[in-house]
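Letter by letter, the chains look like this.
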Amino acid sequence: MLELELKKGSLFEKVLEATLDLVDQASVNCSSTGFSLRAMDTKLVAIVSLLFPSEVFERYRCDDDHSMDISIADMVEALRCANKDDVITIMADDYNGITLTFESPKKDIIAEYDLLFVDAESHCFDIPDLQDLDSKYQAIIRMPSAEFMHICKDLGSNCDDVVISVTKEDVTFCASGESESFRKIYRQNKTLDESEEATATHVDMREPVSLILDLSYMNSCAKLFALFDKVTICLSNTIPMMVEHKIKEKGYIRYFMAPKVEIEIEEEKEGKTENEEAGTEGNKTMQD
Amino acid sequence: MLELELKKGSLFEKVLEATLDLVDQASVNCSSTGFSLRAMDTKLVAIVSLLFPSEVFERYRCDDDHSMDISIADMVEALRCANKDDVITIMADDYNGITLTFESPKKDIIAEYDLLFVDAESHCFDIPDLQDLDSKYQAIIRMPSAEFMHICKDLGSNCDDVVISVTKEDVTFCASGESESFRKIYRQNKTLDESEEATATHVDMREPVSLILDLSYMNSCAKLFALFDKVTICLSNTIPMMVEHKIKEKGYIRYFMAPKVEIEIEEEKEGKTENEEAGTEGNKTMQD
Amino acid sequence: MLELELKKGSLFEKVLEATLDLVDQASVNCSSTGFSLRAMDTKLVAIVSLLFPSEVFERYRCDDDHSMDISIADMVEALRCANKDDVITIMADDYNGITLTFESPKKDIIAEYDLLFVDAESHCFDIPDLQDLDSKYQAIIRMPSAEFMHICKDLGSNCDDVVISVTKEDVTFCASGESESFRKIYRQNKTLDESEEATATHVDMREPVSLILDLSYMNSCAKLFALFDKVTICLSNTIPMMVEHKIKEKGYIRYFMAPKVEIEIEEEKEGKTENEEAGTEGNKTMQD
Numbered sequence: 001m002l003e004l005e006l007k008k009g010s011l012f013e014k015v016l017e018a019t020l021d022l023v024d025q026a027s028v029n030c031s032s033t034g035f036s037l038r039a040m041d042t043k044l045v046a047i048v049s050l051l052f053p054s055e056v057f058e059r060y061r062c063d064d065d066h067s068m069d070i071s072i073a074d075m076v077e078a079l080r081c082a083n084k085d086d087v088i089t090i091m092a093d094d095y096n097g098i099t100l101t102f103e104s105p106k107k108d109i110i111a112e113y114d115l116l117f118v119d120a121e122s123h124c125f126d127i128p129d130l131q132d133l134d135s136k137y138q139a140i141i142r143m144p145s146a147e148f149m150h151i152c153k154d155l156g157s158n159c160d161d162v163v164i165s166v167t168k169e170d171v172t173f174c175a176s177g178e179s180e181s182f183r184k185i186y187r188q189n190k191t192l193d194e195s196e197e198a199t200a201t202h203v204d205m206r207e208p209v210s211l212i213l214d215l216s217y218m219n220s221c222a223k224l225f226a227l228f229d230k231v232t233i234c235l236s237n238t239i240p241m242m243v244e245h246k247i248k249e250k251g252y253i254r255y256f257m258a259p260k261v262e263i264e265i266e267e268e269k270e271g272k273t274e275n276e277e278a279g280t281e282g283n284k285t286m287q288d
Numbered sequence: 001m002l003e004l005e006l007k008k009g010s011l012f013e014k015v016l017e018a019t020l021d022l023v024d025q026a027s028v029n030c031s032s033t034g035f036s037l038r039a040m041d042t043k044l045v046a047i048v049s050l051l052f053p054s055e056v057f058e059r060y061r062c063d064d065d066h067s068m069d070i071s072i073a074d075m076v077e078a079l080r081c082a083n084k085d086d087v088i089t090i091m092a093d094d095y096n097g098i099t100l101t102f103e104s105p106k107k108d109i110i111a112e113y114d115l116l117f118v119d120a121e122s123h124c125f126d127i128p129d130l131q132d133l134d135s136k137y138q139a140i141i142r143m144p145s146a147e148f149m150h151i152c153k154d155l156g157s158n159c160d161d162v163v164i165s166v167t168k169e170d171v172t173f174c175a176s177g178e179s180e181s182f183r184k185i186y187r188q189n190k191t192l193d194e195s196e197e198a199t200a201t202h203v204d205m206r207e208p209v210s211l212i213l214d215l216s217y218m219n220s221c222a223k224l225f226a227l228f229d230k231v232t233i234c235l236s237n238t239i240p241m242m243v244e245h246k247i248k249e250k251g252y253i254r255y256f257m258a259p260k261v262e263i264e265i266e267e268e269k270e271g272k273t274e275n276e277e278a279g280t281e282g283n284k285t286m287q288d
Numbered sequence: 001m002l003e004l005e006l007k008k009g010s011l012f013e014k015v016l017e018a019t020l021d022l023v024d025q026a027s028v029n030c031s032s033t034g035f036s037l038r039a040m041d042t043k044l045v046a047i048v049s050l051l052f053p054s055e056v057f058e059r060y061r062c063d064d065d066h067s068m069d070i071s072i073a074d075m076v077e078a079l080r081c082a083n084k085d086d087v088i089t090i091m092a093d094d095y096n097g098i099t100l101t102f103e104s105p106k107k108d109i110i111a112e113y114d115l116l117f118v119d120a121e122s123h124c125f126d127i128p129d130l131q132d133l134d135s136k137y138q139a140i141i142r143m144p145s146a147e148f149m150h151i152c153k154d155l156g157s158n159c160d161d162v163v164i165s166v167t168k169e170d171v172t173f174c175a176s177g178e179s180e181s182f183r184k185i186y187r188q189n190k191t192l193d194e195s196e197e198a199t200a201t202h203v204d205m206r207e208p209v210s211l212i213l214d215l216s217y218m219n220s221c222a223k224l225f226a227l228f229d230k231v232t233i234c235l236s237n238t239i240p241m242m243v244e245h246k247i248k249e250k251g252y253i254r255y256f257m258a259p260k261v262e263i264e265i266e267e268e269k270e271g272k273t274e275n276e277e278a279g280t281e282g283n284k285t286m287q288d
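Line by line, the protein sequences give chains A, B and C. Throughout the first sequence, residue numbering follows full-length UniProt numbering, covering 1 to 288 in sequence. Throughout the second sequence, residue numbering follows full-length UniProt numbering, covering 1 to 288 in sequence. Throughout the third sequence, residue numbering follows full-length UniProt numbering, covering 1 to 288 in sequence.
Excised from the complex, chain A in its bound form (with noise of 0.2 angstroms):
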């Protein structure tokens, strides 16, 4: 027996909403703690990867634990048609699938969606474990999430890919079309004032990093983050990007994303052949 009460227009809601842009249904689990939730796209590039804590919703209650897949499309339609003073509940039983209510405060008109299970997708995706975030990446982006949201904007429509380039000095994201070219650079600012501090970007450094990512998927990514203030973007020449926001004390919302080449770095980068890989670039994938 599960049974979750929100509000309208609640964090939950935004942001099953703004995954939409990536996947139409996600695996989810649900124990006494909290609402998890997974979801790979279609290309198998990117991983959607959540945990609510029982404490982000109005009443929380999950007697065992229960896994089911789910149609986030029809169940973020739902969503939309309750009012804003309804109480919305969503309820699971084992076999079938899930009712939302939505019900008025004077109890007089009453909503009910049924939405049955969909047939998972079995990819089997292991998510890397996250202990020691320091000792996976080798470099740790933090910025406003508009600021990230604009450089995607930024990239416009004429490019594929960005590589974004951290160095000591600063972050740099470069794009390249047929006939223009853009970089976008932010610089380590050590006389800012405090106020501005809070909404300037942020390097944390141990080793230059340099990786080609599919814009498509840097738009979906910043599409979500922007329902917050700051973005966590963490990297690595050799797993996966992941884009972070805590949720209280134990819960998340985390975006992994596979890079299309790497891109190597070193200090002797003169007087070498060029590596012959451009011709046979792609997105990395999940289960590479």
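Hints should not be assumed to be uniformly reliable.
[What the hints assert, rightly or not] Okay, derived cross-link-like pairs now, DSS-like style, lysine-lysine, Cα gap no bigger than 30 angstroms in a straight line: (1) Lys223/A with Lys153/B; (2) Lys230/A with Lys7/C; (3) Lys8/B with Lys223/C; (4) Lys223/A with Lys106/C; (5) Lys14/C with Lys84/B; (6) Lys168/B with Lys84/A; (7) Lys106/B with Lys168/C; (8) Lys230/A with Lys8/C; (9) Lys223/B with Lys14/A; (10) Lys153/A with Lys223/C; (11) Lys168/C with Lys84/B.
[As the list claims (entries may be wrong)] Okay, the calculated beta carbon distance ranges per label pair: (12) Thr199/A with Lys8/C: 16 to 26 angstroms; (13) Asn29/B with Lys84/C: 54 to 64 angstroms; (14) Glu197/A with Leu11/B: 57 to 67 angstroms; (15) Asp24/C with Asp160/A: 19 to 29 angstroms; (16) Thr199/A with Leu11/B: 44 to 54 angstroms; (17) Asp69/B with Lys8/C: 50 to 60 angstroms; (18) Arg80/A with Lys84/C: 29 to 39 angstroms.
[Said to hold, decoys possible] Anything over 12 angstroms on all C-beta distances counts as not near chain A; from chain C, calculated: (19) Leu11; (20) Arg59; (21) Asp65; (22) Asp94; (23) Tyr95; (24) Glu197; (25) Ser210; (26) Asn219; (27) Ser236.
Bear in mind the hints are in silico, worked out from the structure with no lab data behind them. Glycine included, each C-beta is placed from N, C-alpha and C at the ideal position.
Given chain A, work out where chains B and C should sit, using these hints.
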């Protein structure tokens, strides 16, 4: 000689605009008492019938009765071009067409549209005699038009039909798609105070009624009545549904909609073998 | 060495954006006095010609004359990405392309766009010598640009052409579709007081003029001049229509449009057999 004068943004203009979802052209009949218009959609499922009494217009002059077939689409497009303070005049002769004239307050700018009459698509359609509503309709629902629009939106894009069922206790709207089903229930609530009464849904039922209706027609209907605060929905198991709004004393806007398959309401439903009508479901037409 | 500095939302940016309806690329010529640009649409019907004097820019430096062909589309798309308080710099070299740089007030965020020059589509187009407007154009209309835009919208989607006719008494815009026709008449009104004069339409006519123009070009023209309060429309029976707005003392934005078929204006129109030109109607081009 027919000559009408309107203000920009008049009810007349808004109603014509809202009927465009259903019909492109209409049969107009003008007499000294008012302007009446009837139009049936091309699938013969729904009819809009309206009577604007002469008082609705700024000025109304009709020497002889006029009958003509006009393009509502062209007329609405022309009316959209009038400015806020223009004097809008509609004139018709017996033979060719209609002329709309918009004159600026200073009379220095004049816009004139000549619209040819269109060829009548000669569907003979009878409109039920509405002298005695109570004997014709078994259930009459009065609800805020915003609520009516809300239901149509909630039913969403995944469903084709809606089942409206009226009992003593409540009115239920149901719809089913491939992987989801939806119910919205309006309970008779006797505990509302006066101010709440005004925005509540009321049912006046002599017999239980249950009808299957086409959702796309429900939508065009809801859009038309969204121009008003309240809507009156008249249901019968034997004749088309009628949705009505009265204008001044004698005028009205009526939307008739043929049901798909009627569902039999019986006292002893249990134990009966179900009718195998599912395969033959379809809209009745106004000519059935 | 060419180097310009702009503010976000400058007239320069807005004008470029508004020309996109007509043209994708343009020939630019820069000298110490200012920035001039000319572009012809692919059907050779209309030309945009503009001169921005150096005073229009925040900073303007041009050591030698520069001629180059640029993609307006790419340039506008890049300019859209600048932030409100960014310092926008446009630099060009002689050989490759243009670089746009946006620097944040704190200098910690820098965006750079490199845009390659485009291959010139070498239409040789002559622009009428405009030393003596009065001797070139038989009628000059001055009207609010909002009114000019209004006419183009009113003519709607059902018509391809518009006929502009100027007489001593009024200016008339006419258009005809299959089932409708439209006339908008601006009467010379001598009774207006001073404040009304400012927003009225004025005609300065030496000879009656009547021209057929392509409505889609009228629309792109109206959109461009919607950036300003007033528009000046210069008409002639022998040379392309010109619509103009002056910028500072020496600058201008001019839109030239070739007429379709010219209609002869004669004192004794009655009794004449009509020209059978209808079948051969078409846009003249700027090369005729």
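key: Claimed clearance of chain A by Asp94/C, with the beta carbon kept past 12 angstroms   = holds (18 angstroms)
### Task
Sort out whether Lys84/A lies within 30 angstroms of Lys168/B, counting only the CA atoms.
holds (28 angstroms)
Legend entry - Least C-beta distance from Tyr95/C to chain A larger than 12 angstroms: Given a closest Cβ separation of 15 angstroms, the condition holds.
Pair hint Lys230/A and Lys8/C, alpha-carbon separation not exceeding 30 angstroms
holds (26 angstroms)
Least C-beta distance between Ser210/C and chain A, which was stated to exceed 12 angstroms | Non-interface label stands for Ser210/C: nearest chain A Cβ at 44 angstroms, farther than 12 angstroms.
**Report entry** Consistency of the no-contact label for Glu197/C, given chain A and a CB cut of 12 angstroms
**Finding:** About 45 angstroms separates Glu197/C from the closest Cβ of chain A, which puts it past 12 angstroms; holds.
| query | Was Leu11/C rightly flagged as not at the interface, with every chain A Cβ beyond 12 angstroms? | reply | With a cut-off of 12 angstroms, Leu11/C remains clear of chain A, as the shortest Cβ separation is near 23 angstroms.
Problem set entry | Status of Asp65/C, Cβ more than 12 angstroms from any chain A Cβ | holds (24 angstroms)
I want to verify a distance hint. Is the separation of the beta carbons of Asp69/B and Lys8/C within 50 to 60 angstroms? holds (55 angstroms)
Would you mind confirming whether the straight-line C-alpha gap from Lys168/C to Lys84/B stays at or under 30 angstroms? holds (28 angstroms)
For the pair supplied as a hint, Lys153/A and Lys223/C, is the alpha-carbon distance within the 30 angstroms limit?
holds (25 angstroms)
Can we trust that Arg59/C is non-interface, i.e. its beta-carbon lies farther than 12 angstroms from all of chain A? holds (22 angstroms)
The structure agrees with every numbered hint stated previously.
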